[in-house]
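Peer 1: Listed below are the residues making up each chain.
Protein chains: 2
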Amino acid sequence: MSFINKLEAAWDKADSLLCVGLDPNWSKIPEHLKEESEPIFEFCKAIIDATHDLVCAYKPQIAYFAALEAESQLQKVMNYLNETYPHIPIILDSKRGDIGSTAAMYAKEAFERFGADAVTVNPYMGQDSAEPFLSYADKGVVLLCRTSNAGAQDIQDLEVDGTPVYELVAKMISEQWNTNNNCCIVVGATWPQQMQRLREITGDMPFLVPGVGAQGGDVKALVEAGQTQNGRGLMINSSRAVLYADSGTGYAMAARGVALETRDLINQYRR
Amino acid sequence: MSFINKLEAAWDKADSLLCVGLDPNWSKIPEHLKEESEPIFEFCKAIIDATHDLVCAYKPQIAYFAALEAESQLQKVMNYLNETYPHIPIILDSKRGDIGSTAAMYAKEAFERFGADAVTVNPYMGQDSAEPFLSYADKGVVLLCRTSNAGAQDIQDLEVDGTPVYELVAKMISEQWNTNNNCCIVVGATWPQQMQRLREITGDMPFLVPGVGAQGGDVKALVEAGQTQNGRGLMINSSRAVLYADSGTGYAMAARGVALETRDLINQYRR
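As they're listed, the protein sequences go chains A and B.
By the numbering used here, the letter at position 29 of the first sequence is numbered 29, and the numbering carries on one by one without gaps.
By the numbering used here, the letter at position 91 of the second sequence is numbered 91, and the numbering carries on one by one without gaps.
Simulated from the structure, these hints should not be mistaken for laboratory data.
Just so you know, nobody snuck in bad clues.
Note: identical chains are not told apart, hence a pair may lie in one copy or across any two.
DSSO-like mimics (lysine-lysine), calculated; alpha carbons at most 27 Å apart, straight line: (1) 13 with 45; (2) 34 with 108; (3) 28 with 108; (4) 76 with 13; (5) 45 with 108; (6) 171 with 220; (7) 28 with 76; (8) 76 with 108; (9) 171 with 139; (10) 28 with 45; (11) 220 with 13; (12) 76 with 139; (13) 108 with 139; (14) 13 with 139.
Please put together the full structure from these sequences, using the hints given.
Peer 2: Structure, rendered in structure tokens:
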């Protein structure tokens, strides 16, 4: 099944546009877990078990594993998800991108080594750098377009004859890069007006939307601006607000509480 | 010692602007090595031992290790370089970039876990995404500017009031991101006319120049366009042409031959 089909099924099954980001920050993981032999895996597993019926996707962020030399625990998280919840798409957030021969290695890392359904990719190096990812037709390629951070304006908002770079990027992806119908774009929750314009440009292309929760994005505004005609089209990511809802032994149930609340809040504004 | 000082000393000690890229492609590694317990490390170690007096830097490309689940062998390569040839700067080529809290993890991966002297970073997400790297004042941050691949034109060449994006990126880096004097930029060897303009914009900022050798860049044109007033300023990278000069047991000596030839060819055109 292609990534897009898997995502569509997951939107419906969980009645949810919520994606939970797995960013296991060592300084925020509950203390009692740190005595386990694989604390990062145990933390992620508990979060997953507590939220699996509420999400349309999980998004493990590889940097948090790499900084701790914990690739083997990331692999266990991926395997656990693929075996226990095979219907939930996994987006490996690694923001890779390089010339073709090297990009092929990054694609192999994400799709073959870790078994991700999709991977985030930085488009700055152009279409040929994305091609090795795009050529995995059943996998999703989630390209940075308009990111959620303040610095996004430095390059992404530069205007070319009155049109910002991020719009041109969205247009290129939509019209030229998406021949396998496996592209998605990243659009920060913090910019609803840009999101509306990007929805017009890209039709039904799914958006990965970071910036809700800790980053302060307005849910109502972003859902109204970004959803498709059938009230889907979004993977609204929350990481810190869900993961660190409680720092004690009740962290998983607290995470479930925040995930449920966020899913339902999002659903209030869907068509 | 700062990265820039280490690089300057290395340019002089080896009388060389050549950087050797360590891209251990499994399908090209000599067959007899594949029976070793750590063939990728052994391959890189032999290349390093055969070329260390001819280079100003090494650039391990992390994707080739990651695709093979070989982070531990990359760590051994980094440790070997830091212990045996501590005067040679190591640029970890991983092209990272993300929002601040995640970028901090990538910076930790490169500088603290792997012990790199510098890391390549993708600037598309803007200054705040580069800040966690830049704040390691003694480490180098090598930002993508005008890359060597054909697709570089898709975004990097877009014109803002007649000025291409990559020039604006170079200007931003030079004027705003370089407060710790630890920035470098990537400028493809395949574009000498752009390189000349970028040299004007950035003063003496070092350029990492991929695209010589397998990618076909013209050495004379790029050295004349990119060198600084004192005949330095460049880290001219060659990976495949050096690494795979011979596929048999003589690969290390063959690599030395190509490295020597390339260094001397480059030196012909230096001031």
